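Please arrange chain B on chain A, whose structure you already have, making use of the hints.
Next come the chains, spelled out residue by residue.
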Amino acid sequence: MANLFDEKALKEIAEKYTEWEEKIVPEWLSRLPERQKEFTTLSGIRVKRLYTPLDLKDFDYLSKLGFPGDYPFTRGIHATMYRARLWTMRMFSGYGGPEETNKRLKFLIEHGETGLSLAFDYPTLVGVDPDDPMAEGEVGVVGVSVPTLLDMEIIFDGIDMGSVTTNMTINPPAPVLLSFYVAAAEKQGVPYHKIGGTTQNDPLKEFIAQKSYVFPPEPAVKVAMDLIEWSVKHLPKWNPISISGYHIREAGATAVQELAFTLADGIEYVRQLIARGLDVDEFAPRLSFFFAAHINFFEEIAKFRAARRMWARIMKDWFGAKKKRSMWMRFHVQTSGVSLVAQEPWNNIVRTAIEALAAVLGGAQSLHTNSFDEPFRVPSEFAAKIALRTQQIIAYETGVADVVDPLGGSYYVEWLTDEIEEQAWKYIDRIERMGGMLEAVKNGYPQREVMDAAYRFQKEVEEGKRLIVGVNIFRSEDIEEIRKVPLLEFDQREIEERQKKRVKMVREMRNKQKWERALNELRRAAERGENIMPYVLNAVKAYATLGEIMGTLKEVYGVYVEPPEF
Amino acid sequence: MSSLPSSSRGRGRRIKVLVAKMGLDGHDRGAKVVARALRDAGFEVIYTGLRQTPEQVAYAAVQEDVDVVGVSLLSGAHFPLMRRLIAKLKELGAEDIPVVLGGTIPVIDVEPLKKMGVREVFLPGTSLKEIIETIRRLAEERRARGETLAVSASRERGQGD
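These protein sequence lines are chains A and B, in that order.
Residue 879 in the numbering used here is what sits at position 315 of the first sequence, and the numbering runs on without skipping anything.
Residue 25 in the numbering used here is what sits at position 22 of the second sequence, and the numbering runs on without skipping anything.
Chain B extracted, bound-state conformation:
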């Protein structure tokens, strides 16, 4: 399963982030500014471009083997789109890839989004520094988890052989 780390997901590899725009929203200023800031912070960044479906984003996240998916939404359609993204990641066995969200998200929507499985919501006014640090932390936590899993998985395999 893709929740198991591949060898390329070792400690030395640069953190890889997918910056995604979903739905028909054309506001790409935030997504591009964040993508640049992440690149300048030393991350490997892939930007999906506009008008992606949540399913396309989920496939891209798995295919590109990213550490974090960062979604930017200013269309007000965050609930249905994030729901579909998270469901698709789960379907692909990639629910371990943390998903974060930024944009014009009303504060009252944060809790329900987190319950749905969004790991972090960056409200308007969040600094790039905070976004970079959060993404780094989430990526590192996931890698650490992945390594633990890998060790136990290889033990299990060893026992089975």
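For reference, chain A alone in the conformation it holds in the complex:
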């Protein structure tokens, strides 16, 4: 045992504490009452006035914290953290057609971005082509339209795919987009072992949040596991999955729920992969995570620290992982979109900066900072640059990256880390009793939990229990100020027409026999329950479109329709 404080010291502190609480505090309270009767984090955790060594009485330093780069990794997965290498500044971006996005990526690289991250439009996210009737008006709006290999080639025109890493926020169509990426890289002459990046490929959270599901839960998980299995064998630098709490949080979950549901998703995937006969140490080092950084500063930091410790325990104790890397929770963070407001939008720059700071103090491996114009539209160059600069200021000016886990040992932060961990384990236990996350999702359990939390939060805002500057305190009615925000302008109709034309051209120009054969082989492989990845890659190389490949798979796997509950 390596308790932080000995019995004698604790006894002395306890005596002084009682004295303070009984004599000094009441004196202050009588003169100046506290602002609120009770203070809670965004997750509803009640926080005390003061934290002292008494809150960490049995705190065993070595088992709870240890050292960075060593089990249980609470203080960081690397021994030297940002002293050696800063987090990857990875801005989620993309809009319009591949040409617009190519230009935006080059703009961000030019301004010091260190990793790429593609945002896709809705048709791409749900796997339909731009000329599908459901795509009308949505092509290129919330992200870039990528229906064919040709589009991916244009996005990376003049960008060396062997030296950048790219995150792709894509889920049901992840095998198709990864195949586009791999095929485009191959055309640039980049060998497989140099292709680096991430596919989100996290199907369970699609049913809990985000809601860009296509297939029903079981085939959705099967397809995602196919991608992981194939990637582990062929793309040593690829993170085939990014187990995501971000969307769960944005849909209304508390920090505790975000953490618990994300870990429960991860547990389900590990079991699925082990059931396929994979060795845990073969695939676990390739699993990555993704969390939100909301505005309640310390709670977020505590959440990140708890996440690392919990995942390390799960991998070591539950699944018998041997390699350290299998126990690492590597995660990307995005500052919280829902914390940004339309009123006095410039204030969002400040919110994002605070959230980004929490991510850094929490030890993130990569970070996206939202632009202040997020409540209105995808970011303008102007807004995206400020967001990127925010990270650079934190990295290069503030000094917060110079010491590993600088908040480690804070009575409050350690107490809160423990508290969040304990509450998250309770959720995980409940989900385990339901038979794991796949079963829980099928029963709608996390969906209901998130919905309840979202409603609770909104009511708290309306009751003035949660304050948002410009919204329910220092209320701003200044519409003129909002009008001054220079929004990104683009001709959506022109882009939609261009994308429709291009997909038609690709369909006309390809070798029809090769294309037909590839899709038939894909269908048969899916029917036989084989790993579909090689067949998807083959179809992509024959210039089958996203909509055609997904359509073929939908015929085999079916389509999910969510019960319209609220």
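It should be emphasised that the hints constitute simulated quantities derived from the structure, not laboratory data.
From a predicted model like this one, the values you see are computed outputs, not experimental measurements.
There's no promise every hint is true.
Claimed, not checked - Selected chain B positions facing chain A (Cβ under 8 Å, derived; list incomplete):
1. Gly26
2. Lys35
3. Ser78
4. Ala80
5. Thr107
6. Val110
7. Arg122
8. Leu131
9. Ile135
To be verified - Okay, the calculated beta carbon distance ranges per label pair:
10. Arg994(A) to Gly45(B): 47 to 55 Å
11. Gly120(B) to Trp910(A): 28 to 36 Å
12. Lys1006(A) to Glu136(B): 37 to 45 Å
13. Ala90(B) to Glu1024(A): 38 to 46 Å
14. Gly96(B) to Pro780(A): 32 to 40 Å
Backbone N, C-alpha and C define an ideal beta-carbon position, used for all residues, glycine too.
Structure of chain B alone, referenced to chain A:
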């Protein structure tokens, strides 16, 4: 025509609202929070679920005989989708059903949307209270209009007989 009130649309009946998600947008937090708030306020609420076409929403509004249609859109595709919804309602003779919209709608888009026939646009940050009150007012106005129409229509019928 469906602009005429049916007997079930009398004063005593609970206000019925269709909460709709159109297009491929998966952001359902707002729609569900509003749906719950409306239900808690005593309204009868039907939620369409995700990925509906505007035409499906219009049919549902008419079939369910709702007082108000509330659309939630965070996909940026509000112009084409709302245009189709309003056109279809008109085609079905149900242009009297007020349509309201909420979501990530830039303030500069409000006027053009209203010109198109959207009765109210709830910008980000609008309180549930305001949404509930607006929907109640629009529903009551429509019912009052419907009753006036019904009286004159029955007179006309009377004269024709």
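Now the hints, each set against the structure:
Against a cut-off of 8 Å between C-beta atoms, the interface hint on Gly26(B) holds, since the closest Cβ of chain A lies about 6 Å away. With a cut of 8 Å, the hint placing Lys35(B) at the interface with chain A holds, because the nearest CB-to-CB distance is about 4 Å. Checking Ser78(B) against chain A by beta carbon gives a least distance of about 6 Å; that is within 8 Å, so the hint holds. Here the hint on Ala80(B) is kept, as its CB sits about 4 Å from the closest CB of chain A, short of 8 Å.
About 6 Å separates the beta-carbon of Thr107(B) from the nearest beta-carbon of chain A, less than 8 Å, and the hint is met. Of the supplied interface hints, the one on Val110(B) holds, with its beta-carbon coming within about 5 Å of a beta-carbon of chain A, less than 8 Å. Evaluation of the Arg122(B) hint against chain A yields a violated restraint, the C-beta minimum of about 19 Å exceeding 8 Å. Here the hint on Leu131(B) is kept, as its CB sits about 6 Å from the closest CB of chain A, short of 8 Å.
Among the interface hints, the one on Ile135(B) is violated; its C-beta lies about 11 Å from the nearest C-beta in chain A, farther than the 8 Å criterion. A C-beta distance of roughly 33 Å is found between Arg994(A) and Gly45(B), which places it outside the suggested range of 47 to 55 Å. The hinted window of 28 to 36 Å between Gly120(B) and Trp910(A) holds, with their beta carbons roughly 33 Å apart. Checked against the given bound of 37 to 45 Å, the beta carbons of Lys1006(A) and Glu136(B), roughly 39 Å apart, stay inside it.
Under the hint 38 to 46 Å, the C-beta atoms of Ala90(B) and Glu1024(A), about 40 Å apart, fit the expected range. Under the hint 32 to 40 Å, the C-beta atoms of Gly96(B) and Pro780(A), about 38 Å apart, fit the expected range.
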